[in-house]
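S.K.: Here is how the chains run, residue by residue.
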Amino acid sequence: MTESLTKPSDKSGMRPGSLVHVGEVLESETRMTVIDYSKESVEQTQFQSIEEILKYKDCESVTWVVIEGLTGVDIIESIGKNFGIHQLVLEDILNTHQRPKFEEYDDHLYIVLKCLLSEVEPFTVSYEQVSLLVLRSFVFLFKEKTDDLFQPVMKRVNNSKGRFRSLGADYLAYAILDTIVDQNFFLIDSMDEAITTLEDSLIASEPTQDTLNTIQKLRRDIVSIRRHVSPVRELMTAMLHCESELIDQKTHIYLRDVSDHAIRVIELVELYRDILTGLLDIYLSSVSNKMNEVMKVLTVFASIFIPLTFLVGIYGMNFEYMPELKWKWVYPMLWVVFFTVPVVFLIYFKRKKWL
Amino acid sequence: MTESLTKPSDKSGMRPGSLVHVGEVLESETRMTVIDYSKESVEQTQFQSIEEILKYKDCESVTWVVIEGLTGVDIIESIGKNFGIHQLVLEDILNTHQRPKFEEYDDHLYIVLKCLLSEVEPFTVSYEQVSLLVLRSFVFLFKEKTDDLFQPVMKRVNNSKGRFRSLGADYLAYAILDTIVDQNFFLIDSMDEAITTLEDSLIASEPTQDTLNTIQKLRRDIVSIRRHVSPVRELMTAMLHCESELIDQKTHIYLRDVSDHAIRVIELVELYRDILTGLLDIYLSSVSNKMNEVMKVLTVFASIFIPLTFLVGIYGMNFEYMPELKWKWVYPMLWVVFFTVPVVFLIYFKRKKWL
Amino acid sequence: MTESLTKPSDKSGMRPGSLVHVGEVLESETRMTVIDYSKESVEQTQFQSIEEILKYKDCESVTWVVIEGLTGVDIIESIGKNFGIHQLVLEDILNTHQRPKFEEYDDHLYIVLKCLLSEVEPFTVSYEQVSLLVLRSFVFLFKEKTDDLFQPVMKRVNNSKGRFRSLGADYLAYAILDTIVDQNFFLIDSMDEAITTLEDSLIASEPTQDTLNTIQKLRRDIVSIRRHVSPVRELMTAMLHCESELIDQKTHIYLRDVSDHAIRVIELVELYRDILTGLLDIYLSSVSNKMNEVMKVLTVFASIFIPLTFLVGIYGMNFEYMPELKWKWVYPMLWVVFFTVPVVFLIYFKRKKWL
Amino acid sequence: MTESLTKPSDKSGMRPGSLVHVGEVLESETRMTVIDYSKESVEQTQFQSIEEILKYKDCESVTWVVIEGLTGVDIIESIGKNFGIHQLVLEDILNTHQRPKFEEYDDHLYIVLKCLLSEVEPFTVSYEQVSLLVLRSFVFLFKEKTDDLFQPVMKRVNNSKGRFRSLGADYLAYAILDTIVDQNFFLIDSMDEAITTLEDSLIASEPTQDTLNTIQKLRRDIVSIRRHVSPVRELMTAMLHCESELIDQKTHIYLRDVSDHAIRVIELVELYRDILTGLLDIYLSSVSNKMNEVMKVLTVFASIFIPLTFLVGIYGMNFEYMPELKWKWVYPMLWVVFFTVPVVFLIYFKRKKWL
Amino acid sequence: MTESLTKPSDKSGMRPGSLVHVGEVLESETRMTVIDYSKESVEQTQFQSIEEILKYKDCESVTWVVIEGLTGVDIIESIGKNFGIHQLVLEDILNTHQRPKFEEYDDHLYIVLKCLLSEVEPFTVSYEQVSLLVLRSFVFLFKEKTDDLFQPVMKRVNNSKGRFRSLGADYLAYAILDTIVDQNFFLIDSMDEAITTLEDSLIASEPTQDTLNTIQKLRRDIVSIRRHVSPVRELMTAMLHCESELIDQKTHIYLRDVSDHAIRVIELVELYRDILTGLLDIYLSSVSNKMNEVMKVLTVFASIFIPLTFLVGIYGMNFEYMPELKWKWVYPMLWVVFFTVPVVFLIYFKRKKWL
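Chains as they are written, first to last, in our numbering: chain Z, 5 to 359; chain P, 5 to 359; chain U, 5 to 359; chain G, 5 to 359; chain W, 5 to 359.
For the record, the hints were derived by calculation from the structure and aren't laboratory data.
Bear in mind that the values here come from a model prediction, so they are computed numbers and not experimental data.
Treat the hints loosely; a few may be bogus.
Straight-line C-alpha distance at most 30 angstroms; calculated DSS-like pairs for lysine-lysine [stated by the list, open to error]:
| # | chain 1 | residue 1 | chain 2 | residue 2 |
| --- | --- | --- | --- | --- |
| 1 | U | 356 | P | 354 |
| 2 | Z | 59 | Z | 254 |
| 3 | G | 149 | G | 159 |
| 4 | U | 332 | G | 332 |
Here are the in silico distance ranges between beta carbons for each label pair [to be verified]:
| # | chain 1 | residue 1 | chain 2 | residue 2 | range |
| --- | --- | --- | --- | --- | --- |
| 5 | G | 348 | Z | 274 | 58 to 68 angstroms |
| 6 | G | 77 | W | 159 | 19 to 29 angstroms |
| 7 | Z | 156 | P | 151 | 49 to 59 angstroms |
| 8 | G | 55 | Z | 274 | 53 to 63 angstroms |
| 9 | U | 354 | P | 207 | 36 to 46 angstroms |
| 10 | W | 352 | G | 213 | 21 to 31 angstroms |
| 11 | Z | 341 | W | 345 | 17 to 27 angstroms |
| 12 | U | 247 | P | 253 | 29 to 39 angstroms |
| 13 | Z | 341 | P | 331 | 37 to 47 angstroms |
| 14 | W | 214 | P | 331 | 49 to 59 angstroms |
Far from chain P by the CB rule (all over 12 angstroms, computed), these chain Z residues [claimed, not checked]:
| # | residue |
| --- | --- |
| 15 | 75 |
| 16 | 87 |
| 17 | 92 |
| 18 | 281 |
| 19 | 321 |
No residue lacks a Cβ here, since even glycine has one placed at the ideal position from N, Cα and C.
Kindly generate the complete structure, drawing on both the sequences and the hints.
M.R.: Here it is as structure tokens:
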């Protein structure tokens, strides 16, 4: 089954409200980066404990804290304490089986969604949960793995001269969401490639049970992708309708853009689902056609030779009184029959388009 | 059929408003436990009659009454009388064919839902109806069986020093609901296992009618599970939108969490439904492929040997005038033919990928 | 087709507003009963003309008028005139092809729905339309047949000492609706039985075209049942949302209960629909498996004997120069071959699980 | 394809706002009738030019103008000018590829819908577009053909003494809509008949490709009917929600009735769609069963005679050393075998229910 | 895959807000036309730089700027600067993978949709993205290709004496939208033709794998068309509900008309989807029937000749004691059998409708 299905229930029965990491551990250590920027300056450093970033708390500047790897439960607890994050949010950050959602609290917003990463050969999808905590001038980003997913955003912060750094934490959140949603287009490209390969193999060669298994695998992947992608639509809608002052009115236009992309992704996923269903039909019908062809070969052979065999059987009988046996021209005549019958049948079958 | 389908109508035609137990009796005797707790103290005892718990009625402390087994109609009647519960609610508690629902009354809330329990080998699901009555400082819990389902919650009440015991009856209700909903994840784990087993057997060996029956059984189980699980979503929504002062505003956040879990369960159930439909496709196509293979074997044999049999039939004829019969080299030549024809055919079939 | 599909259009093209009975006549004569009750007294009599019941019009007591058989057009016309019922309502009462609906008028409520009656062996469903007119202290009930459907309600009115008789016309309407909706559970029981029988026969014996016809018949029954049952949900919702003062606030709780039952019926019907679709899959796949089995038998026979027949054909040829014919050990050797070949094939087919 | 699909785009690319007839011309000449009625008097005449009816413009009486045949573009243009009808409405009247819709303008209402006419043997559906313009005391009715569809309504106007003629233009509009919607029930009756015939032929005789084509044709008809019928529901809803004073409050109850009928028609159409899908299943499965039967016959023959043929082949060999050939009782024994083997096989196949 | 699926993600990961052309380049150079018109005068010229059109900015007249080809990024940037267009809108214009949408800004409206162009033989669909910027007295139209799509609208502007030129920019926008939406009807005509051809070939001749591929191709085309067409409905709704004063109240009626056409297109697309699904059913069933026919031929041949071959095999045995061999009448008798058996079988198969 897909990653998020195995052991989704590690915590069930436990006291709600206890902070534990739930889900597969993808990274054993935690890498923490902080980027503090204002229009004038940028500062990017790695840090080890939450105390190091508390100094940014009273600045006007926007502070982006990236925490990669979710094993440092104490760090998350400490963030919760220092920034007044609700206990359930902290639990949700640590539980990597979340459904994409947006939650509005008095002084922070919580966004969680899945980043979908794909590999081409063979086509596989992996999921990474990304949680965002948006405060007035702080954005906390929690990821499962240490990878370079958000390098482009970091570069933009570092290189931007004007616009980006003059905008608030909400614009940063937008840039992050945009990156995650647009990541899906890469996934869809890979999927497109996988499906095209499958399609070609379906038309070119004989369908095998493997083809079916691949179709089935892709269908399941799509079902799983859809499950992770479609709630993003609601998430964006909820975000657009939320009236928190943490999101500036100007940022709405950008969020609407992300929302449009999300809808497009969902529609593309649906499209591929339809295409795969079509491929399954082609596969099944192609199996059927194959069998039809096999049957025709059998029938052609049997129809031609079974009557002839009967004929030669007749003159293999040992009756004493069989006058034909003595007639000279019967045997050559039979040879004429042996050649005529198949020709007649072949013409007949040709007409019926069996050959 | 599933448990809740047989005899759902024992009571139809009867006077609405009469208290009778409707449904299969799962437990012949009733076990009653009361846990009274406040921030300072906890007290847990078994009791026999309702009078024993009336003393808690005027306390500030939260009183949790657990009634396991639904045969004690008089007890439920007496609770109704002493705590002013609506007659229809009492009937619903006793009728174990309820649809999950939430009802708001002036001074009590009524919640009923199904707890889904599963066994792994073979995968079976059983249903237990759980009713909750939430009053200002009382929570009544009615179960069909005496089991340890809520032991963890009881432990938390007993062991909690701070938070839990300082919160009201609504938080207790939340903890109970959370336990029931999270129970579903265990079920889904079992189902995952059953489906994986099925999948492996489908790929490994020849599909049998049994495989189909198993797929069919699982599909029916899922239909039945979905029927019990999907109303939980509405239930939670209704609860979140209810404006009763019996639910504290702070508890809403927790209920939202339960609601999220419920949605996730429903989505997982849908996912498995899709997967099972896919398995059915694989099964059917695999039957088709098998038949194709059988046909190919038949056709290969028939195409090779039927013409040859005809050939030998010719020279088994007893005509007097058959000059070939006297030629010495014909017989060896025929042996050459006997070996060449199959080889040619085999190459031909190999090319057509029939072998 | 089902009863309500034949001739649904008897009246189309006619002047709207003319009172005629539309639909199949199920009962040629009309039986009219009136039950007048208040807390203190009950009075039940048969009557012949509307004038006899006009005396109850000014009483405080609740008057329940039951009219069984819809041929007495003049009676309905006279009720319309005497109690100020809208012309369209009168037409609807007489037209037994109504869709379940609830209509609110200034001083009366009109409810029409189908009562579903079933027979077990063979499973058949019949439909009876029941119309309810609820006035301040009058309830008119129109049925198509004279049967004992509402005997239990009548008994309750007669026997009740306290509650029932002290409640108004709206509670009586509730009791009637409750009886009709709960009647569906009997139907579902019968359907359950029919499906279980079908299921058993499907597993036990070879599927026949009959099995398919039964499945198809049941599916159509379910489609038809669903058509009659699902509008009841809207009907109840409309009733719950109506603000007519003819329905007491207290009765709402009871109506909500009926609504719950209606939803449960609809869900059960959906469930059986899914189960039947599953049975169809099993049926089709079982036909496929059967064919597969037949093909295997054919192939096993053909593969073993066709080559051997060819072999014996060789030595049936009449060539003069066939040295083997004179070798003594060839014939016994062939017998060895005759036994070895089948054994080898059988082992091979066994391995391929064809046997 | 259905009538309304061919050349739907005659006008695309043209200047919007030009009056041309779009669609197939069903009637080459235009018949115009005017009926002016008030409580006291009725007057029905044929007319040739719009000027003749302008005199009714200032009367209190209701004037019903029926225009059959849409080739008289100038007449429609002149109506538009004289009665202040919006240009787009005039275009819509002339374009017979309209979707059913209701449009509210300041001083007129525009209703367009399809009237569905059917023929029984073979079942065919034809569509006629009917446009209604409702003004204060005028109703314009535009039809494509000159037929007797609205004769019943005309008769009612002529014969009515009281009610009809005392009501306004909105009631006339209702009577027309009612006639059109109820027309659908005739259609459904014809469809019912066609489907029943199909069903009988499916059960009675061997399914042919023709049966499939008929099923397919009916399915397409239903798809097309549904397309024309389902927007009527929205149309009626829009009409019921419109607040134009052109529709009297009292007429609402009548419109609600038409709306109910429209919903019933839609539900019946859906029902027949389900039934046809079921018939397709039966058809396909019946083809499958037929093939199964054919295979069984083949297998029975082959299993019995192939081994026996092998047997007789053995003793047709010409070996010099075949001691059995000289034993007198072998030949009769073989005859015993020839009779025993088939009997054994037949019993075996009987047991397997193949015969 | 379809044009809009390949490389949809060229820009993902890039800084949002940078102006680059995303999508396939369909036209390497840009053709720019400006039409300025008022009631009195029209002026149409080609231009090279934005400066040339700035002079119209302060006129009362409506200015229509048509930009064909999207490679001139600097032109679009310059339009953005000079007319105060939002950065995201400019990006969207350049990205030809847009979903149809309508966006309302303070002083301009942005509309983007796909124009669907079709070719008949073979049926192919191509997509061109059209963006509209509507300002108070300016309309910017951005197209991917230089073609004559909007020639009719230009002609109407040039030739109109009264109405068109006296109406504002919003009416021009309507005329453009109308042209794009009505273009779809041509597409549907082509599709109709393609499907009719397919249908005829399906009925006339033997179905081939090609037929299936064509069905599949058409289904995919329809899926893709639907994806581009169905958002137009929302777009029009959004436009109708927008309260911008850039759209005059009078234009609403015209937009509603476009909306109706859009809905009709969507319904027709759905209809063809259903028809194609039906064709697939016919195809599959026709393959099945074909196989059935093949099997029957085989079975007829085998059933007739296999028993007869066995019979002649008997008298081909070389037993010394076979009295029949000496009886004179046996051989002629056998010939009678040889003719009788097939006749009997043929009659039998005729009765079973196998022939």
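S.K.: Would you mind marking each hint as holding or not holding in the structure?
M.R.: Against the structure, the hints:
Taking the CA atoms of residue 356(U) and residue 354(P), the gap is about 20 angstroms. The hint holds against a cut of 30 angstroms. Restraint check: the Cα-Cα separation between residue 59(Z) and residue 254(Z) comes to about 29 angstroms, which is no more than 30 angstroms; the hinted pair holds. This hinted pair checks out: residue 149(G) and residue 159(G) have alpha carbons roughly 19 angstroms apart, not beyond 30 angstroms. Note on residue 332(U) and residue 332(G): the hinted pairing holds, with a Cα-Cα distance of about 21 angstroms set against a maximum of 30 angstroms.
Between residue 348(G) and residue 274(Z) the CB atoms are about 59 angstroms apart, so this pair conforms to the stated range of 58 to 68 angstroms. Separation of residue 77(G) from residue 159(W) is about 22 angstroms and conforms to the stated range, judged on CB atoms against 19 to 29 angstroms. At about 54 angstroms, the beta-carbon gap between residue 156(Z) and residue 151(P) stays in the expected band of 49 to 59 angstroms. Take residue 55(G) and residue 274(Z): their Cβ atoms lie about 58 angstroms apart, and the range 53 to 63 angstroms holds.
Between residue 354(U) and residue 207(P) the beta carbon distance is about 21 angstroms. The supplied range of 36 to 46 angstroms is therefore violated. Range check, residue 352(W) to residue 213(G): about 23 angstroms between beta-carbon atoms, so the 21 to 31 angstroms window is met. Evaluation of the 17 to 27 angstroms hint for residue 341(Z) and residue 345(W) yields a pass: the beta carbon distance comes to about 20 angstroms. At roughly 30 angstroms, the beta-carbon separation of residue 247(U) and residue 253(P) lies within the given 29 to 39 angstroms, and the hint holds.
For the hinted restraint 37 to 47 angstroms between residue 341(Z) and residue 331(P), the CB-CB distance of approximately 22 angstroms leaves it violated. The hinted window of 49 to 59 angstroms between residue 214(W) and residue 331(P) holds, with their beta carbons roughly 51 angstroms apart. With a least beta-carbon separation of about 22 angstroms from chain P, residue 75(Z) lies farther than 12 angstroms from that chain, consistent with its non-interface assignment. The non-interface label for residue 87(Z) is consistent with chain P: the shortest C-beta to C-beta separation is roughly 17 angstroms, beyond 12 angstroms.
At roughly 5 angstroms from the closest C-beta of chain P, the C-beta of residue 92(Z) falls inside 12 angstroms, breaking its exclusion from the interface. Distance to chain P contradicts residue 281(Z) as a non-interface residue, since its nearest Cβ pair spans about 10 angstroms, not more than 12 angstroms. A beta-carbon of chain P comes within 12 angstroms of the beta-carbon of residue 321(Z); the shortest separation is about 7 angstroms.
In this structure, the hints that do not hold are numbers 9, 13, 17, 18 and 19, in rising order.
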